[in-house]
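Peer 1: Listed here are the chains, written in short residue letters.
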Amino acid sequence: MSRYVPHAPGYVDNGGPKIVTSRFEHDDSFTLDRYEATDGYRGLRRALDRTPAQVHDEVREATVLGRGGAGFPAGVKWGFMPPGKFPYYLVVNGDESEPGTYKDRLLMERDPHQLIEGCLITCYALGLAQCFLYVRGEMALAQERLARALNDAYAKGYVGKNILGTDFSVDITLTWGAGAYIVGEETALIESLEGNRGMPRLKPPYFPAAIGLYGQPTIVNNVETLSNLPWLMMNGAEAYKQFGSEASPGTRMVAISGHVKRPGVYEIEQGITTFRDLFYGDDFCQGIREDNELKMFVPGGGSAPWFFPEQLDLPLESRAVGGEGSMLGSGAIIVMDETTDAVKAALRLVRFFARESCGKCTPCREGTTWEERVLQRILDGEGRPSDIDMLLDIADNISPGPYPVAADPNQGLEAVPFPPKQTTICPLGPSSVAPITSTIRRFRHEYEAKITKRDAIPVSAAPMSAALSTREVG
Amino acid sequence: MSYFTPGNLEIANEIISRYPVAKSALIQLLHLAQEQEGWVTDDAMRQIAELTDTTPAEVKGTGSFYEMFKFHPVGKYMVNVCTNLSCQLLGGEELLAHAEKTLGVKAGGTTADGMFTIEDVECIAACTEAPCLQINYRYRLRVSGDDFDDLIDDIRNGRAGDIPEHGTLGRVRQHIPAAAMAGVLPPEQAKERPVWLARNDEPAPAGTAEGEEE
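Chains as they are written, first to last, in the numbering used here: chain A, 177 to 650; chain B, 113 to 326.
Think of the hints as simulated: they come from the structure by calculation, not from any bench.
A quick note: this is a predicted structure, and the numbers were derived from the prediction, not measured.
Mixed in with the good hints, there may be bad ones.
[To be verified] Residues from chain A that keep clear of chain B, each with C-beta distances beyond 12 Å, as calculated:
id, residue
1, 202
2, 203
3, 210
4, 251
5, 343
6, 377
7, 445
8, 452
9, 463
10, 499
11, 510
12, 515
13, 593
14, 620
15, 621
[Unchecked claim] As a list, the in silico BS3-like pairs of lysine-lysine whose alpha-carbon atoms are at most 30 Å apart:
id, chain 1, residue 1, chain 2, residue 2
16, B, 172, A, 536
17, A, 379, B, 303
18, A, 337, B, 303
19, A, 417, A, 194
20, B, 182, B, 172
21, A, 253, B, 218
22, A, 332, B, 303
23, B, 135, A, 379
24, A, 337, A, 261
25, B, 303, A, 261
26, A, 379, A, 194
27, B, 172, A, 379
28, A, 536, B, 135
29, A, 337, A, 253
30, B, 172, B, 135
31, B, 172, A, 261
32, B, 135, A, 337
33, B, 182, B, 213
34, A, 253, A, 520
35, A, 626, A, 379
36, B, 182, A, 536
37, A, 520, A, 597
38, A, 520, B, 172
39, A, 253, A, 536
40, B, 303, A, 253
Yeah, the Cβ is synthetic: ideal placement off N, Cα and C, and Gly gets one too.
Only chain B is shown next, with the shape it has when bound in the complex (with noise of 0.2 Å):
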C-alpha cells in the first residue's frame, strides 16, 4: 500500500529526480507527506525510507532534528509567535502571552478542537514589522492583542484567507519539462569537464578579445 496518494506520488518521483541522489530528497518528502496529512505518520516514514534508499530510522533520524516536521497531529493552524530579541524589545512574549490567553493553551500546546497550536519560535525573519508571526508560515506584521483575536476570530468562522492547513508551504511547486532539464547526474557519473569549460581551455582565436571588450 502506498502512503502517498497517486498525485503525490508522481510528485514525490519528480521532486527525486532533481537530486543527484535520492536521500537528497528526503526533507523535501518529508514536506510533502506533512503536506498530505498534517503531520508525519510512520506509514509516511516508511515510505519515504523505501523511496529514497534509506531506512525508516535514517528518515525519523534526519526529521526529528527539524522543528517544522511534526511527529504527532497537531492544529489545522501553526500560530508561530516571535520572542526572539527584536520582537521581545516591541512586545513578542505580550503577545504570546495574549495569545495563550485567548486559545487557552499554553505555547507548545493544541486546543481541544484541534484547530490551533501555538509555538514560541525563534527569529522569523519580519524584525522590523515586530511583533509579528506566522501561521501555517504566512506573515502578520506588527500585530496587536486585537489584530490577534480578530485573526483566530475569522479563521474560526472560515474566513481564513490566503492561509492553507497545515503542512501546506510554498503552493507553487517547482516543475522541470523533462525536454528542459539539463539533466542530473549521480556525481559519480558526472566526471567529465564541462563542455563549455573544455571549449574555452583552447587559447581564444585572434580577433575576439576585442569584441569581448565593448
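Just chain A, same shape as in the assembly (with noise of 0.2 Å):
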C-alpha cells in the first residue's frame, strides 16, 4: 500500500523496491545512530576489502546511470579520467534547482550519511584527494543535516585521516551554493568551486574528468546517482540488476507535480514503470486532478520538450523517451490539466530561461530575453501576426534545425528525436526552445486566438507594452 510519509513532505512511499529511500520510513533517518542501525556503512566496509579496481568494476558492471540529468553511465564517466594525473577531484552536485526537481534534497535531508558513504565509495575507487559536497544554497535543512552528518562521520572515523584503520583517507568539504541555476552544469559548478561567477566553461573537453577543477581530473557526480553506491556495494551488481530494465537498472526517483490528485516523490523502477502508470495508478499519483482531461506534460524538467496524452505508455526509460522527442533529464514530471493555458505556461518556463541565462553567450543571453517578450506580449493582447514565426526564428537562432518534439498523429507529424543542436557552450539557451516548439506545433490556435488585437504593423512603430517596459528581466 503506497502511503505518504508524515516527516519527509512530498515523499509518497508507493510499495515497491527501495534501493536509495529505504530509510525514508524511520524520522530520524538523518542521524548516524539510525545509519548505523540499519547497514549503514557497511557498503564502504565491503569497498574497503576489494581493490579500487574490483570497486570501480562492480559500479561499470551496474550500469549506473547518472540521476542528474544526462542520464550518463557514471562508471564509464570515472573512466574518463587521464591516468597519473594526479590530484583527483569529486565534486557532488547538490545544486538541484531544474523547475519541478526534488529528489536530491530530500536525499540529503533524509538520509545525508548514505550520500556521504557513496561519496567515499568513490574516492576510494578512483584515488581522489578530496571531495567537495556542494549544495543548493537556498537548502538550510539539507545544509545542516550534512554538515551534522560528517561531523558525526569525522568523529567515527568515517571520513578523514585513516578511515576505519585503513590507509584510505579523504576529507568531504561541504560547500554551499549561493542561488544560480546554472551552476548545476557542471563546468560552472567547477567555477562556482573556484570562487568564480558560475559561467560553464568552453568545450571541450567535454568532461571535467579531463579537465576540472583546478585544471585538475574531475569527477562530478548527482547526489542520487552516488546515494546508490552503498546499496550497491552491499548487494552487489547482479541483484542491482534485478530491478529496472536491461539498458536503464535500478530505480529513480521522480517528482510528480502540477494537476494530479497525489503529486509526490517516488522511487520506482527504471525502465518498466509508465507515465500512464504514474499519472493513474493506485500507488502513485491516481488520476488527473477532478477526473479532467490531461492536456500535455513536462516529462523529465523544466528543459524538456513537452508530451501530450499519445505518450501516455512510454516508459520512463531514456533512449525510448529520447526517440519520442524528449528527455527524463532530472526525474521532474509537471502535469497540465485541460484548464491550462498552453502559452502561459510556456512563458513561464521561459522566464525562468531568460532570468537565469548567465549571459556568456550571445544567443542564449539576447535570445532567451526576446522569447520572454515576445510570449509576454502574445498573452497581453499585444502580439502581432508575425509573432509565431518569429518566435520559431529566435529559437532556431538558439538551437538550429529541427528541434525534439514529440509526435503529433492527428497532424501526421513524428517526432523529432533528443537531443537538439546548439549554438552555446551549455543547454540552458537550447532549454528555453523546448516549452515554444512544444506549444506552438500543439497548441497554435491557442496563440493565434491571443493576437486578435493587431495587424501586421512595422515594428518600428509597434509599442512595448507597459506590462514589458516595467518589468525588470535579469
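Using the hints, put the two standalone chains together into the complex.
Peer 2: Structure (C-alpha cells):
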C-alpha cells in the first residue's frame, strides 16, 4: 500500500523496491545511530575489502546511470580520467534547481550518511584527493543535516584520516551555493567552487574528468547517483540489475507535480513504469485532479520538450523517451490538465531561462529575453501576426535545425528525437526553446486566438507593452 | 580593523583551511558576512579579498552573480514565493499577489519597518507541495492566503519559531578536528599517487582473490 510519510513532506512510499529511500520511513533517518542500525557504512567496509579497480568494475557492471539529467553511466564517466595526473577531485552536484525537480533535497535531508558513504566509495575507487559536497544555497535544512552527519562521521572515523583504520584517507568539504540555476551545469559548478561567477566553460573538453577543478581531473556526480553506491556495494551489480530494465537498471526518484490528485516524490523502477502508471495508478498519483482531461506534461524537468496524451504509455526509460522527442532529465514530471493555458505555461518556463541565463553566449543571453518578451506580449493581447514565426526564428538561432518534439498523430507529424543542436556552450539556451516549439506545434490555435488586436505593423511603430517596459528581466 | 567579529574570523579561517586554494572559500565567506550583518557590505568584501588573496572587485564580481547575496540592506525576513510552473499551476502567482497586498510592497521591495522583503523566485524544490514559499530559506508548504497572513502575524509578534534572521543558512557548521583531517593540500603539492591506489598497483598476492569473492 502506498502512503505519505509525514516526516518527509512530499515523499510517497509506493510500496515498490527501495534502493535510495529505504530509510525514509524512520523519522530519525538522518542520524548516525539510525544509519548504523540499518546497514550504514557496511557498503564502505565491503568496498575497502576489495581493490579500487574491483569497486570501479562493480559500478561499471551495474550501469549506474547518472541521475542529474544527462543519464550518462557513472562507471564510464569515471573511466575518462587520464591516468597518473594527480590529484583527482570529486565534486558532488547538490545544486538541484531544475523546475519541477526535487529528490536530491530529500536525499540530503533524509539520508545524508548514505550520500557521504557514496562519496567515500567513489573516492576510494578512483584514488581521489578530496571531495566537495556542493549543496544548493537555498537548502538550509539539507546544509544542517549534512554538516551534522559529516561531523558525526568524522568523529567515528568514517571520513578523514585513515578511514576505518586503513590507509585510505580523504576529506569531504561541505560547500554552499548561493542561488544560480546554471551552477548545476558541471563546468559552471567547478567555476563556482573556484570562487568565480558560475559560468560554464568552453567545450571541449566535454568532461571535467579530463580538465576540471584547478585544472585537474574531476568527477562531477549527482547526489542521487552517489546515493545508490552503498546499496550497490552491499548487494552487488547482479542484485542491482534485478530492478529496472536492461538498458536502465535500478530505480530512480521522480517528482510528479501539477494537476494530479496525489503529487509526490516516488522511487520507481527505471524503464518499466509508464507515465500512465504514474499519473493514474492507485499507488502513484491516482489520476488527474477533478478527473479532468490530461492536456500535456513535462516529462523530465523544465528543460525537456513536452509530451501529450499519446505518449502516456511510454516507459520511463532514457532511450524510449529520447526517441520520442524528449528526455527524462532530472526526473521531474509536471502535469497540466485541460484548464491550462499553453501560452502562459510556456512563458513561465521561458521566463525562468531568461532570468537564469548566465549571459556568456549571445544567442542565449539575447534570445531567451526576446522569447520572453514576445510571449509576454502575446499573452497581454499585444501580439502581432508575425510573432509566432518570430519565436520560431529566435529559437532556431539558439538551437538550429529541427528541434526535438513529440509526434502529433492528428497532424500526421513525426517525433524529432532528442537531443537538440545548440549555438551555445551549455544547454540552458536550447532548453528555453522546448516550451515554445512544443506548444506552437500542438496548440498553434491558442497562440493565434490571442493575436487578435493587431494587424501586421512595422516593427518600428510597435509600442512596447506597459507590462514589458517596467518588467525587470535579469 | 577586522570586519568579521573575532568568532567569525576564526570560522572564516577554518573554512579557508578546508579548501586547496583560498579563493574557493570566497562564496562561503560572503555567506558568513551576510550572516553577520544581514547583507554584504563593502567592508566585508575588502576583508574577504584579503583573506582569499583576491581583490575587492573580484569578490564583488563573483558575489554579484549569485542571487542570494544582497549588497544593500534587506528585510530581516526574506519571503521567497515560488511562481515557477509547478507552483503557477496551483496558485503561486495568486499567493505572490496576496503576499504583496498583505505586506504592502511589490516583489523586490522591503516593508517600511525593515521587517520583510518579498521576492518572486524560481523553483525552490518543493514542487509537489505547491504553492510554496521560503522565509529565510525555511520552507512553508501548500500555503494559502490565510496561512501567509498567520505566518506574518506570528513573526511580527515575536513567534518566528525555527526561522533565524536573514543571512543565517544552515545553523550547524562543518567542523573537522585537526587530528581527524586527511589533509588539504594545494593541487601542485598533491601530485603523489594516493597510497591505497599505489598499494594495489602490485599484483594481488595469491590467495586473496578468494577472500574477496565472499
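Peer 1: Checking a non-interface call: every C-beta of chain B should be farther than 12 Å from the C-beta of residue 621 (chain A). Is that right?
Peer 2: Given a closest Cβ separation of 21 Å, the condition holds.
Peer 1: Keeping to a limit of 30 Å between CA atoms, is the pair of residue 303 (chain B) and residue 261 (chain A) held or broken?
Peer 2: Holds - the C-alpha atoms of residue 261 (chain A) and residue 303 (chain B) are around 7 Å apart, at most 30 Å.
Peer 1: Closest CB-CB distance from residue 515 (chain A) to chain B, is it above 12 Å?
Peer 2: violated (9 Å)
Peer 1: Test the statement that residue 593 (chain A) is away from the interface with chain B: the closest C-beta pair must be farther apart than 12 Å.
Peer 2: Holds, because the least Cβ-Cβ distance between residue 593 (chain A) and chain B comes to about 24 Å, which exceeds 12 Å.
Peer 1: Would the pair residue 182 (chain B) and residue 172 (chain B) pass a check requiring their Cα atoms to be no farther apart than 30 Å?
Peer 2: Holds - the C-alpha atoms of residue 172 (chain B) and residue 182 (chain B) are around 11 Å apart, at most 30 Å.
Peer 1: Just to be careful, I want the Cα atoms of residue 379 (chain A) and residue 194 (chain A) compared with a cutoff of 30 Å; is the pair within it?
Peer 2: Distance ~37 Å between residue 379 (chain A) and residue 194 (chain A) Cα, so the pair is violated.
Peer 1: Take a quick look at residue 251 (chain A) and tell me if its Cβ sits farther than 12 Å from every Cβ on chain B, holds or violated.
Peer 2: Since the minimum Cβ distance to chain B is about 17 Å, residue 251 (chain A) lies beyond 12 Å and the statement holds.
Peer 1: For a C-alpha distance cap of 30 Å, please report whether residue 520 (chain A) and residue 597 (chain A) respect it.
Peer 2: holds (26 Å)
Peer 1: Could you grab the alpha-carbon distance between residue 520 (chain A) and residue 172 (chain B) and see if it respects the 30 Å cut-off?
Peer 2: violated (36 Å)
Peer 1: Hinted pair, alpha-carbon criterion (30 Å max): residue 135 (chain B), residue 379 (chain A). Please report holds or violated.
Peer 2: holds (24 Å)
Peer 1: Quick one, are residue 626 (chain A) and residue 379 (chain A) close enough, alpha carbons at most 30 Å?
Peer 2: With Cα atoms ~41 Å apart, residue 626 (chain A) and residue 379 (chain A) exceed 30 Å; violated.
Peer 1: CA of residue 303 (chain B) to CA of residue 253 (chain A), is that 30 Å or under?
Peer 2: holds (22 Å)
Comparing the model with each numbered hint stated earlier shows that hints 5, 11, 12, 21, 26, 31, 34, 35, 38 do not hold.
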